[in-house]
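Listed in order, the protein sequences are those of chains A and B.
Numbered according to my numbering, the first sequence terminates at residue 263, and the numbering increases by one at each position without gaps.
Numbered according to my numbering, the second sequence terminates at residue 245, and the numbering increases by one at each position without gaps.
Just so you know, the hints here were simulated from the structure itself, not pulled from any lab data.
Hints are not guaranteed to be accurate.
[What the hints assert, rightly or not] Facing chain A, from chain B, some residues (calculated, C-beta under 10 Å):
#  : residue
1  : I10
2  : G27
3  : G29
4  : L34
5  : M53
6  : L154
7  : R155
8  : A166
9  : L178
10 : T181
11 : A208
12 : T212
13 : W229
[To be verified] DSS-like cross-link-like pairs, simulated, lysine-lysine; straight-line CA separation at most 27 Å:
#  : chain 1 : residue 1 : chain 2 : residue 2
14 : B       : K175      : B       : K240
15 : B       : K36       : A       : K191
16 : A       : K257      : B       : K16
17 : A       : K191      : B       : K240
18 : B       : K240      : B       : K81
19 : A       : K257      : A       : K58
20 : B       : K81       : B       : K16
21 : A       : K91       : B       : K16
22 : A       : K91       : A       : K257
23 : A       : K191      : B       : K81
24 : B       : K36       : B       : K175
25 : A       : K91       : B       : K240
Here the structure is a predicted model, which means the values were calculated and not measured.
Glycine is no exception: its CB is placed at the ideal position from the N, C-alpha and C atoms.
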Amino acid sequence: MNQFAVFAGAARYEFWMQIRRRALWITMTLIALLLVGLIGRTQGAQDTLTHLGRFSLKTVVVYWTNFISYLLPIGFGALLADRLPRDRRTKVEELFLSMPGSLSSRIFGKYLGAGLATLIPIFAFYLLGVGVIVAETHNLMAIPLAIEAFSAIILPGLFFVGGFSIACTAFLWTPLYQFLFAGYWFWGNIKIRNVPAIFDYIPGLRPMGSQISLGLFGVYASGNPLLSATPLEGLESLLLLVGLGLLAVFALCQGLKWYQAQQ
Amino acid sequence: MFFDRIRYEIRLMGRKVLLTPILVMLGVGLFSLLLKYINTEPSRFLSAGLEMMIPIGAGIIIGTVAPLDPSLELQLTFPRKYYRTAMARIVLILLCSAGVALLSSGILLALKLDFVPVVEPHWPAFAQFVLGLLVWLAPLLWCAGACLCISLLLRSRTAGAAVLAALWIGEILFKDTLIATHWLWPIYLFPVTLTPLGAETLPANLIADWFTNRYELLGTALVFFLLGWWMLHNTEGLLKGASEE
Numbered sequence: 001m002n003q004f005a006v007f008a009g010a011a012r013y014e015f016w017m018q019i020r021r022r023a024l025w026i027t028m029t030l031i032a033l034l035l036v037g038l039i040g041r042t043q044g045a046q047d048t049l050t051h052l053g054r055f056s057l058k059t060v061v062v063y064w065t066n067f068i069s070y071l072l073p074i075g076f077g078a079l080l081a082d083r084l085p086r087d088r089r090t091k092v093e094e095l096f097l098s099m100p101g102s103l104s105s106r107i108f109g110k111y112l113g114a115g116l117a118t119l120i121p122i123f124a125f126y127l128l129g130v131g132v133i134v135a136e137t138h139n140l141m142a143i144p145l146a147i148e149a150f151s152a153i154i155l156p157g158l159f160f161v162g163g164f165s166i167a168c169t170a171f172l173w174t175p176l177y178q179f180l181f182a183g184y185w186f187w188g189n190i191k192i193r194n195v196p197a198i199f200d201y202i203p204g205l206r207p208m209g210s211q212i213s214l215g216l217f218g219v220y221a222s223g224n225p226l227l228s229a230t231p232l233e234g235l236e237s238l239l240l241l242v243g244l245g246l247l248a249v250f251a252l253c254q255g256l257k258w259y260q261a262q263q
Numbered sequence: 001m002f003f004d005r006i007r008y009e010i011r012l013m014g015r016k017v018l019l020t021p022i023l024v025m026l027g028v029g030l031f032s033l034l035l036k037y038i039n040t041e042p043s044r045f046l047s048a049g050l051e052m053m054i055p056i057g058a059g060i061i062i063g064t065v066a067p068l069d070p071s072l073e074l075q076l077t078f079p080r081k082y083y084r085t086a087m088a089r090i091v092l093i094l095l096c097s098a099g100v101a102l103l104s105s106g107i108l109l110a111l112k113l114d115f116v117p118v119v120e121p122h123w124p125a126f127a128q129f130v131l132g133l134l135v136w137l138a139p140l141l142w143c144a145g146a147c148l149c150i151s152l153l154l155r156s157r158t159a160g161a162a163v164l165a166a167l168w169i170g171e172i173l174f175k176d177t178l179i180a181t182h183w184l185w186p187i188y189l190f191p192v193t194l195t196p197l198g199a200e201t202l203p204a205n206l207i208a209d210w211f212t213n214r215y216e217l218l219g220t221a222l223v224f225f226l227l228g229w230w231m232l233h234n235t236e237g238l239l240k241g242a243s244e245e
């Protein structure tokens with residue numbers, strides 16, 4: 001059986017199933033509103049996003065991209081976390097196992113399809129902000145710059161988050177994973193006094209994209225202990241996040257195959 | 001009969017529901033040992049375990065467990081209404097989380113590792129105990145009530161967890177904004193851990209605000225639970241939620 005067809009079919013099916021979820025749109029809207037409400041009251045953000053003329057176009061666009069990557073990936077991870085357990089809950093897993101399509105194609109299809117659908121509300125909200133920037137600055141160059149910033153800063157983090165959200169829920173109870181994920185997002189991105197964080201040891205492992213943002217664009221939005229990063233370090237962080245996300249899904253496929261073989 | 005029912009509900013929910021707060025505090029304790037090893041004072045982190053981590057854990061679990069039961073359709077045909085079963089489960093999870101938090105705060109107090117900045121040294125011991133209780137009880141009830149309501153309102157357990165987690169991270173990331181904006185204090189959930197303090201005692205003018213904040217959180221939590229209880233009566237909504245996910 002053509003495995004690409006299985007992959008494409010799974011991706012298409014998961015995409016439509018996820019994009020039609022009412023919860024996806026409402027959750028992302030609520031998180032976006034929370035973000036806008038908090039940004040609107042934060043002094044540094046207000047200065048940059050409301051006095052657009054004072055800052056370079058790159059600074060404003062990358063600032064906005066950074067704000068998006070603060071909270072919306074949490075919704076992304078949480079909404080992907082129930083995709084694999086759902087197959088088990090609705091008892092379709094056994095049905096899938098009896099089909100000739102390979103497990104890897106189906107899991108990677110799920111990862112891509114559900115991930116792409118969950119990305120759409122985030123991208124739509126991001127484009128709204130970019131639209132405001134274009135309207136205020138009358139500079140259409142903001143659009144390609146925004147797409148570049150989104151692809152470089154937000155997408156690698158989402159690859160990482162999506163991969164682990166799909167993989168970890170194969171063996172972790174979904175609410176427990178969601179709790180651990182929220183804790184990780186805090187611990188893995190923000191430096192709290194002298195509490196050791198994972199990025200102290202693996203500097204590129206910052207899924208919020210701070211190292212990529214500083215390394216490739218020279219801008220980062222919040223009071224961050226990371227003061228500088230070279231373009232090479234930015235690239236290293238990007239590749240690390242994408243690689244680890246894919247590796248998590250690959251490991252899941254191998255783990256499930258092994259588990260099946262044991263049965 | 002009553003205890004049989006409790007035992008039965010615990011077995012139905014699974015031990016993972018009750019073990020989660022214990023595992024959370026064990027994880028916090030182990031990480032604190034690491035902090036001690038690298039000469040960092042762990043008391044504030046331990047307090048964060050009580051004030052921030054147990055509430056979000058309980059919130060996500062309640063938002064997941066209460067709106068859905070594997071045998072929901074059968075449950076809805078029983079003379080005992082589902083909202084009563086769901087509320088019993090919520091109370092059990094809350095009691096377990098509160099028990100773990102209470103035990104942990106007692107251990108921290110005994111080891112002199114507690115971090116409670118709102119201390120009135122001249123108050124009697126019982127009042128001091130209630131003060132310590134308010135540190136974690138108010139956010140625990142608030143997070144549990146909020147996640148229950150969001151899950152039921154959006155008919156999605158994942159949505160409840162996602163919004164609560166985003167709110168939790170938002171509180172940490174934008175803590176300065178929350179502290180500076182007085183009208184946002186009713187949703188400032190974790191002031192003990194997040195408010196930067198020079199000393200371990202809050203300035204006198206902030207103590208009144210802290211108490212007001214606790215009462216507001218408890219009041220809002222009560223409203224959330226009443227709303228949740230009302231929404232649990234909506235059997236059609238519960239069934240739709242089960243099929244929509």
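Tested hints:
1. I10: With a minimum Cβ separation of about 15 Å from chain A (threshold 10 Å), the hint on I10/B is violated.
2. G27: 9 Å, holds
3. G29: Violated: closest Cβ of chain A sits about 15 Å from G29/B, beyond 10 Å.
4. L34: Since chain A brings a Cβ to about 7 Å from L34/B, closer than 10 Å, the hint holds.
5. M53: At 7 Å from the nearest chain A Cβ, M53/B passes the 10 Å test, so the hint holds.
6. L154: Constraint on L154/B satisfied, holds at 5 Å.
7. R155: Cβ of R155/B sits 7 Å from chain A, so the hint holds.
8. A166: The hint holds - A166/B has a Cβ within 10 Å of chain A, the shortest such distance being about 4 Å.
9. L178: Interface hint status for L178/B: holds (8 Å vs cutoff 10 Å).
10. T181: 5 Å, holds
11. A208: Given a least distance of 23 Å, the restraint on A208/B is violated.
12. T212: 20 Å, violated
13. W229: This hint is violated: W229/B lies away from chain A, its Cβ roughly 21 Å from the closest one there, beyond 10 Å.
14. K175/B with K240/B: Status violated; Cα separation ~37 Å.
15. K36/B with K191/A: Holds: K36/B and K191/A sit about 18 Å apart, inside 27 Å.
16. K257/A with K16/B: 26 Å, holds
17. K191/A with K240/B: 42 Å, violated
18. K240/B with K81/B: The given pair, whose Cα atoms are some 17 Å apart, holds under the 27 Å limit.
19. K257/A with K58/A: Violated: K257/A and K58/A sit about 46 Å apart, past 27 Å.
20. K81/B with K16/B: At roughly 25 Å apart (the allowed maximum being 27 Å), K16/B and K81/B satisfy the hint.
21. K91/A with K16/B: With a Cα-Cα distance of about 22 Å, the restraint between K91/A and K16/B holds, given a limit of 27 Å.
22. K91/A with K257/A: Distance of about 18 Å is within 27 Å: holds.
23. K191/A with K81/B: 48 Å, violated
24. K36/B with K175/B: Holds, at about 26 Å.
25. K91/A with K240/B: Since the Cα atoms of K91/A and K240/B sit roughly 18 Å apart, the hinted pair holds (cutoff 27 Å).
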